[in-house]
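Peer 1: Residue numbers (our numbering), protein chains in the order written: chain A, 14 to 447; chain B, 204 to 651.
Since the hints were made in silico from the structure, they are not lab data. Fair warning: there could be bad hints in the mix.
Claimed, not checked - Once the Cα atoms are required to be at most 27 Å apart in a straight line, the calculated BS3-like pairs of lysine-lysine come out as: (1) B/434 to B/603; (2) B/319 to A/362; (3) A/40 to A/307; (4) A/251 to A/323; (5) A/381 to B/434; (6) A/132 to A/40.
To be verified - A short, non-exhaustive set of chain B residues, derived as facing chain A with CB atoms under 7 Å: (7) 217; (8) 248; (9) 251; (10) 253; (11) 259; (12) 260; (13) 309; (14) 315; (15) 316.
To be verified - In silico contact screen, one side only, chain B against chain A (beta carbon under 10 Å); selected entries: (16) 241; (17) 244; (18) 245; (19) 249; (20) 255; (21) 257; (22) 312; (23) 313; (24) 314; (25) 317.
This one's a predicted model, so the numbers in the text were calculated from it and none came from an experiment. Where a beta carbon is used, it is the ideal one built from N, C-alpha and C, also for glycine.
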Amino acid sequence: MANLTTTFIGITSPNPFWLASAPPTDKEYNVRRAFEAGWGGVVWKTLGSEGPPIVNVNGPRYGAIWGADRRLLGLNNIELITDRPLQTNLDEIRRVKRDWPDRALVISLMVPCDEESWKDILMRIEDTGADGVELNFGCPHGMSERGMGSAVGQVPEYIEMVTRWVKQYSRMPCIVKLTPNISDIRRPAEAARRGGADAVSLINTINSITSVNLDSFAPEPTIDGKGAHGGYCGPAVKPIALSMVSEIARNPETRGLPISGIGGVTTWRDAAEFLALGAGNVQVCTAAMTYGFKIVQEMISGLSQYLDEKGLGGTADLVGRAVPNVTDWNQLNLNYVTKAEIDQDLCIKCGRCFAACEDTSHQAIWMKEGRTFEVNDAECVACNLCIDVCPVDNCITMRPLKKGETDPRTGRKVGDYANWTTHPNNPMAVKAAE
Amino acid sequence: MSTSATNSQLTPGVAAGRLSDEDYARNFADIAPRLDGHEARVAADRCYFCHDAPCITACPTAIDIPLFIRQIATGTPEAAAKTIFSQNILGGMCARVCPTEQLCEEACVREAAEGKPVEIGRLQRFATDRLIETGVHPFTRAADTGKSIAVVGAGPAGLAAAHRLAMKGHAVTLFDARPKPGGLNEYGIASYKTPGGFAQAEVAWLMQIGGITVEHGRKLGADLSLATLRKDHDAVVLAIGLAGVNALRAEGEGLGNVVNAVDFIAALRQAPDRASIPVGRNVVVIGGGMTAVDAAVQSKLLGAESVTIVYRRGRAKMSASAHEQDHAASVGVRIIHGAAPVRVHGNGAAQEVEFAYTEDGPGGLTLKAETFRLKADQVMKAIGQTLDGAPEGVRIEGGKIAVTGAGRTSLPGVWAAGDGAEGGEDLTVTAVAEGRDAAEDIHASLMP
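Isolated chain A, as found in the complex (with noise of 0.2 Å):
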């Protein structure tokens, strides 16, 4: 079994799979049981200010989206940071790193944009014996409000100028956590680069809505009738949450720079998705609310799996490896063709890849005699609608034309590489000189 050590910033943990910031590291009783359950750290739940601790609404916190069999695919909440004391928690988190010392530990922190709320709190945390901080400039509701989270995560330059603060007044080791409610999401990964952040995290939840009660018309969930828009996470976001790790992986601004991947992470191979994209480990939070902290151990035996099957020592063998093949669309291959085609024997006759052509393509698909679909290689633009509703695993496959074939649906040969920089059709075409 491959060895899953993982060092991220200078942080050693026996596996990269660590609890986010949230709930379930929210207290000892939490943290000592996940790592007991094998998860390698913890970003323990953001803390605030010394002070009367923050309040959460007493009615429901969370919205859900759910598929077949309410199979949870979408979370939203309105939890805001940590409602219990600094103190407690600090006392917690000494106890904890103390008894598990080979164990990531992380704290999330979260105070008012001004240098002395900054210096203050990490005097507070620094003697706790964590690994380091993580700069909450994420949750999108609350706390934003008041002109912390992503208030502070939508201007580079309060990102950049809280953590260069940070990086002054402590050793620790520093995660900038980015928010995706933002057009461009490598301009605050670079100020966090420019502020002196070792990492950046991403991504924390986006601003959600995540139903409409039709008989109160109120947003849910519903608080005496009214609703706020929550943070959005879980598998739904976790393409979102790969674009945006890739973005910061390839931009040059900011390439090199370490990379905690967040966003729906449920399995070992959404982990693994988000290792070869550039994150240098990954954290968890929704599927852990869903399943329990034991998810972990199907994370562990499958990413080890899956190493030791593709030969590679360890995941830092991993991280980075489809960064090269993330490109631009006018990158690429426009003389790339390729062609539907339908396994007679798998196909089941439900006729999904027909309708969707038929109805909403390009009617490259017959139904002919006994319900026999076939794909009409003339019309075909491989567009893949007909294999992305198709239920049967591998019925319909692309094949791509050899080089030299003659395209029925353009009557063209398959030429070399050419792409939309160069084509006859691009009036801002790179022009061979006359």
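Following the hints, put chain B in place on chain A, whose structure we already have.
Peer 2: Below, chain B alone, put in the same frame as chain A:
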């Protein structure tokens, strides 16, 4: 109320009260209880919403199954029910009695993919029960057309025809020989498939369309003549079913306790107390259809010690579905294939049935010399029903009323539908389709 049995499974002869009240209640409980809301959502989610779905083609009434399942999945079972009822007004009963494993569920692409079809029948029951229980009737009657139509037979075909005709605004008189409407739904289906008085509740709900007058105790050939009906009405629908029963034509058929399975089933359905229905210690049922299975299974459930179905041909030729045969086996009914009765032995009442093994060759079925005997305190004949009481002048073909198109008989203005009419399988759902289609055809011809 007693809870202990007056007799036991071992009481000789034919006896009532072989089981305790608890056993009767358990044995005759709903065979396939309704899905609850969550189960229905999970089951509905498995539907692929196929293009031009094979299940619709397989349904004799062509219910838009993917649509009604999607309506369940999105939390509107009432709309799902309306989708069902618009094609099949007896969709509630069909959800209980249809051999779905030979119709929609056999055609389901998930049957091909996984051997586990979408549970279409149970989903249909979920939706139809919901709407019927609210008491809401989802259709309204069109303005009165001034036309009057006689429907003979208040079984599935007659009810479907009457409802569709009434909905179109015609005045319908529905005649039935029995004291209750429903036909086989009321008198001919195993009790555990339709407990709780569902057949009558369904008819009462159906009648809310209005414009239907029911006359019970009216039998064609007795106090009702086709000539009068044709004179008094603009059209007549013959939905008279198959009221006759085939004879064994074996020696000893006239002995005591040799009964028709359909009569046994009907008596059981009408009995206020199952403990009052006598059943043999050793029961032999002769036949291979659903009636044979329903009679055999219920004999076992009433406390018979041994029940055997004997069918003259091989298993593949049995018209009872594999699912029904498995159900019979699961309650302890033994099924013997390839044997035909040659004689019922007994002294006043049946004691044994003697069978000869058969050979199904190219020249037809022949009896072999070798015979065997089964103990039989009670013998039930389930070897098929026949057309009985068809009015004179109507052309008969192959033992059924000959029809062309949507149930047009050889007489102008007279339509036929259901088991008594030519064409289609003898199934509730087929009868409903035929009744509905005859009604549409009548409407089209009366209101050109």
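Peer 1: Now look at each hint and say whether the structure bears it out.
Peer 2: Here is how each hint holds up against the structure:
Our distance criterion of 27 Å between C-alpha atoms is met by residue 434 of chain B and residue 603 of chain B, whose separation comes to about 24 Å. For the suggested pair residue 319 of chain B and residue 362 of chain A, the alpha carbons sit about 15 Å apart, so the restraint of at most 27 Å is met. Between residue 40 of chain A and residue 307 of chain A, the direct Cα distance comes to roughly 18 Å. Compliance with the 27 Å bound is thereby established for this hinted pair. Between residue 251 of chain A and residue 323 of chain A, the direct Cα distance comes to roughly 24 Å. Compliance with the 27 Å bound is thereby established for this hinted pair.
Of the pairs offered as hints, the one joining residue 381 of chain A and residue 434 of chain B is violated, with about 51 Å between alpha carbons and a cut-off of 27 Å exceeded. Among the hinted pairs, residue 132 of chain A with residue 40 of chain A is consistent with the structure: their alpha-carbon atoms are about 24 Å apart, no more than 27 Å. For residue 217 of chain B, the shortest C-beta to C-beta distance to chain A is roughly 50 Å, which exceeds 7 Å, and the interface hint is violated. A least Cβ separation of about 4 Å between residue 248 of chain B and chain A falls short of the 7 Å threshold, and the interface hint therefore holds.
Hint status for residue 251 of chain B: holds, given a least beta-carbon distance of 5 Å to chain A, under 7 Å. Interface restraint check: residue 253 of chain B against chain A, minimum CB-CB distance 4 Å, threshold 7 Å, status holds. This hint is violated: residue 259 of chain B has a C-beta 12 Å from the nearest C-beta of chain A, more than the 7 Å allowed. The criterion of a C-beta within 7 Å of any C-beta in chain A is not met by residue 260 of chain B, whose closest approach is roughly 10 Å, and the hint is violated.
Evaluation of the residue 309 of chain B hint against chain A yields a violated restraint, the C-beta minimum of about 13 Å exceeding 7 Å. Below 7 Å, beta-carbon pairs count as interface contacts, and residue 315 of chain B has one with chain A at about 5 Å; its hint therefore holds. The criterion of a C-beta within 7 Å of any C-beta in chain A is met by residue 316 of chain B, whose closest approach is roughly 4 Å, and the hint holds. The interface hint given for residue 241 of chain B holds, since its Cβ lies 8 Å from the closest Cβ of chain A, which is under the 10 Å cut-off.
At a threshold of 10 Å, the smallest CB-CB gap from residue 244 of chain B to chain A is about 8 Å, leaving the interface hint in force. Interface restraint check: residue 245 of chain B against chain A, minimum CB-CB distance 5 Å, threshold 10 Å, status holds. With a least beta-carbon distance of about 8 Å to chain A, the hint placing residue 249 of chain B at the interface is held under the 10 Å criterion. Residue-level restraint check for residue 255 of chain B holds (minimum Cβ-Cβ distance to chain A is 6 Å; threshold 10 Å).
Given hint, residue 257 of chain B at the interface with chain A, holds; its Cβ is 7 Å from that chain's nearest Cβ, closer than 10 Å. Among the interface hints, the one on residue 312 of chain B holds; its C-beta lies about 4 Å from the nearest C-beta in chain A, closer than the 10 Å criterion. At its closest, the beta carbon of residue 313 of chain B sits 7 Å from a beta carbon of chain A; the interface hint therefore holds under the 10 Å criterion. With a least beta-carbon distance of about 9 Å to chain A, the hint placing residue 314 of chain B at the interface is held under the 10 Å criterion.
A cut of 10 Å between beta carbons decides the hint on residue 317 of chain B: the least distance to chain A is about 9 Å, and the hint holds.
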